[in-house]
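There are 2 protein chains.
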Amino acid sequence: MRNLFPGKIAVFLPLLSLAFGAISMRSQSPTVVPLMPTPAKLQAGSGFLRVDEMFGLAFTGYREPRLERAGRRFLEQLHRQTGLVFASRETVEPAKATLLITTDHESKAVQEVGEDESYTLEVTPSGAKLHAANPLGVLRGLQTFLQWVTITPDGFSAPVVSIQDQPRFLWRGLMIDTGRHFMPLAVLERNLDGMEAVKLNVFHWHLSENQGFRVESQKYPKLHELGSGGFYYTQEEIRGLIAYARDRGIRVVPEFDMPGHSTAWFVGHPELASGTGPYQIERKWGVFDPAMDPTNEKTYKFLNEFIAEMAKLFPDAFFHIGGDEVNGKEWDANAGIQAYKKAHGLKDNNALQAYFSQRVQDLVVKHGKTPIGWDEILVPGVPKSIVIQSWRGADSLAAAAKQGYRGILSSGYYVDLGWSAARHYAVDPLGGAAANLTPEEQKLVLGGEACMWSEYVDPENIDSRIWPRSAAIAERLWSPADVRDPAAMYARLPVISQDLELVGLNHLTYQRRMIERMAGSASTEETAALRSVVEALEPVKDYTREGIGVEPTSQTPLNRVADAVSPESEASRLFSSRVDEYLASSCKDVAKASELRAQLVQWAGNDAHLRALAERSFLVKEASPASSALSQAAEVALAALDRITLGVPLSPELKKQQFDGLSALELQAHKAQLTIPALPAFQKLLEAATAGGACTIPR
Amino acid sequence: MRNLFPGKIAVFLPLLSLAFGAISMRSQSPTVVPLMPTPAKLQAGSGFLRVDEMFGLAFTGYREPRLERAGRRFLEQLHRQTGLVFASRETVEPAKATLLITTDHESKAVQEVGEDESYTLEVTPSGAKLHAANPLGVLRGLQTFLQWVTITPDGFSAPVVSIQDQPRFLWRGLMIDTGRHFMPLAVLERNLDGMEAVKLNVFHWHLSENQGFRVESQKYPKLHELGSGGFYYTQEEIRGLIAYARDRGIRVVPEFDMPGHSTAWFVGHPELASGTGPYQIERKWGVFDPAMDPTNEKTYKFLNEFIAEMAKLFPDAFFHIGGDEVNGKEWDANAGIQAYKKAHGLKDNNALQAYFSQRVQDLVVKHGKTPIGWDEILVPGVPKSIVIQSWRGADSLAAAAKQGYRGILSSGYYVDLGWSAARHYAVDPLGGAAANLTPEEQKLVLGGEACMWSEYVDPENIDSRIWPRSAAIAERLWSPADVRDPAAMYARLPVISQDLELVGLNHLTYQRRMIERMAGSASTEETAALRSVVEALEPVKDYTREGIGVEPTSQTPLNRVADAVSPESEASRLFSSRVDEYLASSCKDVAKASELRAQLVQWAGNDAHLRALAERSFLVKEASPASSALSQAAEVALAALDRITLGVPLSPELKKQQFDGLSALELQAHKAQLTIPALPAFQKLLEAATAGGACTIPR
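Line by line, the protein sequences are chains V and H. Residue numbers for the first sequence follow numbering that gives the first Met the number 0, beginning at 0 and rising by one. Residue numbers for the second sequence follow numbering that gives the first Met the number 0, beginning at 0 and rising by one.
Keep in mind that the hints are not guaranteed to be accurate.
Repeated chains share a single entry, so a pair holds when one copy, or any two copies, can fit it.
[What the hints assert, rightly or not] Heads up, simulated DMTMM-like pairs for lysine to aspartate or glutamate below, C-alpha to C-alpha not over 20 Å straight-line: (1) Lys683 <-> Glu652; (2) Lys218 <-> Glu304; (3) Lys591 <-> Glu634; (4) Lys670 <-> Asp374; (5) Lys218 <-> Asp115; (6) Lys311 <-> Glu236; (7) Lys670 <-> Asp153; (8) Lys300 <-> Glu67; (9) Lys591 <-> Glu525; (10) Lys683 <-> Glu121; (11) Lys107 <-> Glu621; (12) Lys346 <-> Glu92; (13) Lys283 <-> Glu52; (14) Lys670 <-> Glu534; (15) Lys311 <-> Glu296.
Honestly, the hints are just simulated from the structure, not real lab data.
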């Protein structure tokens with residue numbers, strides 16, 4: 000294989016490499032298609048379209064201002080990606096266009112689920128043509144072209160190609176929880192830009208939580224005035240964001256979580272609650288007792304007016320009513336509610352919640368919307384029109400589809416859990432039990448949504464928790480099901496990640512600012528050891544963070560090493576795959592051993608360099624146990640590597656001791672809410688070095 | 000000396016270390032005062048004021064909305080610097096305030112030169128008090144407090160201190176040229192934030208150039224419509240920026256450069272020019288022929304109306320009329336102008352320009368403003384009320400003062416020239432010939448201005464060309480004259496630089512984006528070698544860039560290694576000072592030798608790692624000669640170090656050869672518009688290693 004797209008790293012896509020087989024290449028490194036999501040069909044040709052300052056863009060066919068704006072944004076983004084200063088920053092005459100865009104007709108006035116997003120893109124050495132039925136397809140194709148432009152030894156260029164593309168799933172979303180931590184509009188806007196870049200088409204806006212009610216209600220102003228601490232979106236801002244999203248082919252689905260997760264509503268409107276109040280905005284994390292009173296007709300009267308107002312504000316056909324995690328304690332403690340249950344034959348709190356849910360769904364339908372809710376709203380007898388968002392597991396989605404309900408998958412796509420991109424990437428909305436659905440049932444699985452719950456993110460680090468991993472989820476939702484090789488995904492991820500930073504996200508650059516704050520200095524030299532720790536470690540996974548140290552609240556500063564480390568360490572991932580390659584060579588690959596050794600030596604020695612800083616900064620000091628654990632663990636791995644290369648096997652007893660030592664070091668790192676992601680690789684080296692292990696056979 | 004302000008690096012200030020002498024300290028590293036500019040008087044005490052989430056701010060005395068806004072911005076900035084989430088983001092009751100601010104009275108409705116900016120700041124373990132005569136002093140003191148908060152082993156805190164502070168110079172400016180490269184408002188706003196942080200008080204807005212006329216004129220709309228390529232500031236935006244600046248205690252002085260540097264005016268108004276036209280917006284850099292016609296009464300009629308409009312738009316008392324660099328060619332070529340000169344006894348073009356300048360100054364005065372202009376406007380007989388901005392040398396400023404003219408210094412503060420912070424820092428408005436002025440004459444030297452001419456900056460890298468070096472200039476203009484130790488300045492610069500990035504500037508983080516664009520990937524591993532080159536090299540200095548390669552224009556992409564490297568390499572600066580320390584130890588400091596060796600080995604080996612990337616990216620390939628030169632030069636220095644440590648002197652012949660080799664390598668780097676800043680240090684090692692050199696005496 001050869002290096003067709005210089006500047007992008009190695010990934011082999013069979014179709015492309017075959018097509019390119021005959022072309023003269025510049026180096027020996029394998030081919031990469033710098034696209035994420037991967038298109039449905041791609042046929043590569045020979046040659047390149049040069050992209051320089053004379054690049055021009057034109058529209059033919061159906062026209063609308065949104066397309067003109069998309070054209071200008073495209074040129075601005077192409078400028079950011081290349082640095083090129085274009086002669087024209089507006090569209091040009093079709094005859095002079097480098098990229099000619101043809102649109103057949105308009106799309107719907109309010110973007111709908113299942114609208115045509117397909118496009119074709121033809122690149123020849125003399126020009127490129129993008130064709131789509133409607134503006135949505137154009138938006139998708141423009142992003143493909145932007146990713147397709149690559150740096151080469153001779154300038155920027157777009158290789159000759161023919162692409163026919165459309166999404167596998169209709170609903171490809173990103174949810175951002177603006178309830179627990181408020182996110183300024185600028186944060187949402189840059190994330191919408193990121194969504195557009197990877198062809199996500201639904202922004203699910205989680206707008207109310209125990210910790211905050213984030214929407215201006217003109218009908219019930221006490222909701223936002225008393226329930227937000229001053230941090231809410233005005234209706235004008237919301238209309239602006241919806242327009243911003245529409246320009247990018249993104250629907251906006253609002254969520255108002257009911258009857259639980261609703262403490263913030265009750266600060267201004269305690270009469271809605273099942274308890275006695277008064278209520279305060281919640282500062283802690285978790286599931287709390289307050290819940291709406293399902294037995295009070297005034298609740299429904301209120302919600303009728305409220306939903307009417309919000310249904311007008313948010314044009315999308317879907318309206319998310321939450322419905323998750325009600326613990327029922329307020330209901331149990333309220334004698335009136337207990338009496339009501341008996342009187343109406345509601346045998347338990349699930350039945351009571353189902354009753355509430357049905358009443359609210361009726362209101363949503365009355366105001367012209369389709370209800371969507373979390374798993375819990377699916378109870379016997381609920382109308383088939385609702386959409387289920389599965390967070391408890393993929394099987395519940397399949398079960399819903401079997402009963403005829405539409406659904407979207409979020410289980411497996413919670414980006415707050417700190418999973419690797421590969422782990423999210425392996426989750427398929429039609430995987431697991433859904434694989435056994437009939438084709439008709441499978442059509443009910445609309446897609447999926449990455450979910451960014453915001454206990455441990457603020458405007459400074461939220462991008463790093465969403466990106467670039469959500470690009471892998473976006474590929475899962477857009478690309479053919481057989482595009483699923485994690486190695487190929489990881490080869491492209493740093494390329495897409497770089498584009499995303501130039502789109503305006505700061506998921507890479509945030510880290511430097513946080514490191515330097517902890518160090519109290521911007522000196523590259525002074526921060527080197529801290530940077531090395533931050534680049535090697537990851538935050539603890541899943542919900543383990545809650546159990547460590549002081550109970551966190553919405554006022555806990557997110558300024559620690561655990562907040563600065565990336566959810567997925569590149570250095571540790573590369574180290575781990577090199578260990579796999581080394582072991583696959585039966586430890587005969589000397590060059591690989593030398594690479595491993597260099598990294599281990601660096602990690603082993605790093606903690607000593609961190610100590611001076613740890614003495615000066617409490618934030619560095621707090622992470623010292625983790626830094627020390629990394630260095631000690633690297634020493635253990637280094638010793639194992641030494642034994643392998645020297646041919647001196649480790650005794651099983653010593654191995655066990657070392658394993659225990661590594662486990663203790665991992666626990667030590669946990670105290671700083673950190674984990675050592677290379678630890679399994681260290682264990683593999685130990686295994687291989689143990690008498691009878693893979694690499695102890697005399698060579 | 001001890002480590003009083005942990006997290007900040009070493010600098011010794013005599014006053015402070017004496018005062019702190021009795022306090023128990025945590026480490027052996029010397030004291031640093033993390034302030035820039037250094038206050039006029041600072042008396043340290045013992046103990047610390049803890050800064051945590053309960054921090055509260057209150058105002059007493061004179062109140063105005065600007066102060067409330069300053070309070071909110073202060074809390075937001077303190078949040079950014081610490082990550083702390085404050086219980087109150089508004090001001091609190093004075094009794095509950097951690098920082099109590101007392102203001103005596105209002106400042107002028109339009110900020111004036113010489114208004115009182117003094118303040119006192121008292122920090123005790125139980126609270127802090129800031130007192131100032133007017134809001135300007137409060138703004139200055141708030142920035143001092145923000146810098147004073149530091150990270151310690153136990154949290155964030157502000158050490159006990161008593162500060163009485165006021166500026167040395169009244170006029171402390173930053174000029175940004177928005178003519179050659181247009182800068183969006185967001186760029187100007189974040190730079191105003193940076194100015195506030197280091198107590199600069201004048202934003203000099205260079206608004207018209209050959210390459211663009213950047214202000215909306217309602218009177219003469221063809222000026223901006225035809226002269227800006229669509230890139231101009233509306234009057235509403237300008238009013239917004241002026242208000243933004245006023246909130247930060249910054250005056251806004253507009254500059255309209257006349258009669259030269261004015262091609263862009265003539266695109267819409269060729270009748271103002273001395274040539275025949277038609278005119279196009281200039282794309283090249285340099286001094287061009289077009290100039291206003293000083294002999295045409297219509298020119299003055301036009302300028303009268305135009306200045307009337309602009310004098311209204313910009314409230315500042317000063318109005319900058321440029322006046323620099325007229326080459327006179329259009330005047331010479333115009334028979335009518337030549338005849339006019341004869342008829343009016345204007346013996347040469349200087350006289351003609353003086354005549355024009357006087358007429359324009361009269362218009363400026365007529366519209367209520369004080370004219371300011373570059374050196375050239377100072378001609379015999381010009382009224383004493385004008386202010387001279389010296390760009391041709393400090394001596395011209397002294398000469399002006401001797402004649403009774405007020406002046407400000409910019410010669411020595413041109414940040415586009417790529418000088419080191421130390422070199423700018425050494426320039427004093429009262430240095431050179433000005434040192435010999437009488438005290439009365441010295442008062443005429445109002446201060447200075449850093450100047451950011453924009454041939455080689457765009458919105459992406461402009462911050463890195465202004466900051467952090469302008470913080471050193473700001474200290475020169477604010478702090479007592481005897482605050483001038485470059486080592487102490489460099490010890491504080493990375494601390495201030497970190498604050499400035501958290502203020503919203505991107506002078507540090509821009510580099511990662513540019514490196515990754517050149518590499519086509521965000522992989523830390525793949526970009527490591529390129530990062531190492533970028534961190535070691537600097538752009539060529541002064542105006543040498545013009546002479547290299549293809550002639551640059553306003554459409555030349557600023558995406559190259561030369562645009563990504565910092566004007567001052569930390570790695571090279573630290574290496575160079577370590578060489579000095581090593582030589583000062585007569586090469587006996589073994590630890591220092593080992594540090595030097597490690598850096599040289601890394602540089603020497605780096606180019607080999609860059610080659611794969613250079614084969615894939617034309618932007619990396621272009622810098623390859625410089626990368627290769629760095630590695631080769633480091634090899635030479637390494638060999639010299641070897642000879643020193645082995646005690647094998649270099650022959651004078653070989654030394655000459657090596658010197659010649661280094662010079663050739665520097666020229667090789669120049670081809671990529673780069674320079675190797677460690678080269679003088681390499682030469683010092685060679686000198687020391689040569690027979691008879693400093694380190695060849697047997698030890």
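**Prompt:** When the hints from earlier in the document are held up against this structure, which numbers fail?
**Reply:** Violated: hints 4, 5, 8, 10, 11, 12, 15.
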